[in-house]
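Each chain is listed here by its residues.
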Amino acid sequence: MIGLTHHTVTLGPRTILRDVTFTPRPGELTALCGPNGAGKTTLLRALAGLLPHTIHPDPTRVAYLPQSARSAWGLTVRQVAELGRIPHGDRRTEPVDRALHLCGVEALRDTRIDRISGGEMRRAMLARAFATEPEVFLLDEPTADLDPAAAHDVMGLLRRTADTGKAVVVVLHAIDLALRYADRVVLLRDGRIEADLPANQALPNAAALFGLPYGLDPTPRLLPPD
Amino acid sequence: MIGRLAVVLVGASALSLLIGDGFIGTAPWPVITDIRLPRILLAVLVGGGLGLSGAVLQGVLRNPLADPGLLGVTGSAGLGAVVVFYWGLAASFAPALPLGGLAGAVAGTACLMLFAGRTPSGPSLILAGVAVSAVAGALLTLALTLAPNPFALAEVTFWLLGGLENRTLFHVALAAPPILLGAAILLRLGPGLDALSLGEDTAASLGVPVARTLMLAAAGTALAAGAGASVAGGIGFVGLVVPHLLRARMGERPSAILPAAFLAGACLLLAADTLLRLLPWVLPLSQSPPLGALTALFGTPFLVAIARRMAP
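Heads up: the protein sequence lines correspond to chains L and W, in order. Each residue of the first sequence is one higher than the one before, counting from 0 in numbering that gives the first Met the number 0. Each residue of the second sequence is one higher than the one before, counting from 0 in numbering that gives the first Met the number 0.
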């Protein structure tokens, strides 16, 4: 439904994406990983049709969450989630209530979005994407600003969402979250896709991409909830 | 809220019909229909146009400081009127003044669209508006310094400060169509404004045509506020303060305040103008003060109160 074939994006003298081919697949959670400036956000924006010479997808089927979503006005959490119904042009309340519940911000529904924490705001913005009930989710850093437990919550939610047949694409800096929850890891460097691998095989390439060693670490670590 | 504002507006209009310059009571029928009625209708139309375009501009630009004057269209209307004054057309043909204002507003809008380009974003629209304002302001100052006689200068300055006295049904007929058309355009932008509160990227991903929404907001403002300025001069502050007053009571969702902003702007300007007519009653004044000054004096305490409540 959406995707890029041999796509190149230039911004003035800089080439941000070079000859990128990528298609989100239904039922798959894909993590886009790479160093700062690798082109992850640009790839997501190109998929969302927000760059020149890209196709604008059907907004009822594709939801996009930008990196630093803020509300200019003091809307309530519920009003923010309701914006997700704009593509459908209806005022149905069940999808909005379900989205608020899924993203764990039900209790904050009538609180103004500028009076809650950064992590809670992030989840309210995610609820807006869920309220659209799209086929494809394009999420830029959905776990930024979230505490470790909330990050696992959100990744678990995205895992289950992909399992219901949706295509979920997330930009992630947390490689361990990507390896733990994603089906597929796409590694980007300097605007190129370096590797497109099943998550369980991606660790050596990911480590090489960041120039970090990898191996077993005997230190006890936080684990995701059961 | 909308119902209450409508009741207040109708009541205030009726009361205002009974208020003359410095006295309260009925008057001969022609005084009511030819002097007071046009003034009240203009206060409602101009105030409503300013309030609504202020609410839409603040929403579309995501900026609580936006005001219809920001786009330079009201300044261009002033320039058009001054040019008419300069050539002495106003003395020989009274309707020349508002017509000149309207021509100025149209020219200003054309420049705005030209400067902003075909696919504007919020910041590029603001910058284009600032450019139009600057050019209109500069030309206006130039025209004022070149004014043929000091009497014309005083008259122009007074007109620029804004007011509704000595307006006729001709002014109403001239201003009503563009203001109502502008209001109709602006009232349809509600869902787009709501989506834009999360930024232009998110709005575009929700299927909102961002550049088109900005263009329609600019065009609607040009009609609603530009036509108002061409008959009433530069009346400031209504467009800035009305959205804030409503947000404090109706919540901050941009679309929620749109129809109320028209009614509240109308109420505010009508109240200010009615008070202006009562002023000679309490203060011996040789000339009634400009309406624009009164709206600013009226509005500031509300704005300060809101700003204080915003502070953490």
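Calculated directly from the structure, the hints in this document are not laboratory data. No residue lacks a Cβ here, since even glycine has one placed at the ideal position from N, Cα and C. Hints are not guaranteed to be accurate.
Said to hold, decoys possible - To give an idea of the chain L side of the interface with chain W (calculated C-beta under 7 Å), a few residues:
#1 GLY2
#2 LEU3
#3 PRO51
#4 THR53
#5 TYR63
#6 ALA68
#7 ALA71
#8 PRO86
Consistency of the hints with the structure:
At about 16 Å, the closest approach between the beta carbon of GLY2/L and any beta carbon in chain W exceeds 7 Å, and the interface hint on this residue is violated. Nearest Cβ of chain W to the Cβ of LEU3/L: about 16 Å, over the 7 Å cut. The hint is violated. For PRO51/L, the suggested interface contact is broken, since its CB lies about 9 Å from the closest CB of chain W, more than 7 Å. Here the hint on THR53/L is broken, as its CB sits about 11 Å from the closest CB of chain W, past 7 Å.
Annotation: interface hint on TYR63/L holds; nearest CB of chain W at approximately 4 Å, less than 7 Å. Using the Cβ-Cβ criterion of 7 Å, the hint placing ALA68/L at the interface with chain W is satisfied: the shortest such distance is roughly 6 Å. Hint status for ALA71/L: holds, given a least beta-carbon distance of 4 Å to chain W, under 7 Å. Of the supplied interface hints, the one on PRO86/L holds, with its beta-carbon coming within about 5 Å of a beta-carbon of chain W, less than 7 Å.
Consistency with the previously given hints fails for numbers 1, 2, 3 and 4, ordered from lowest to highest.
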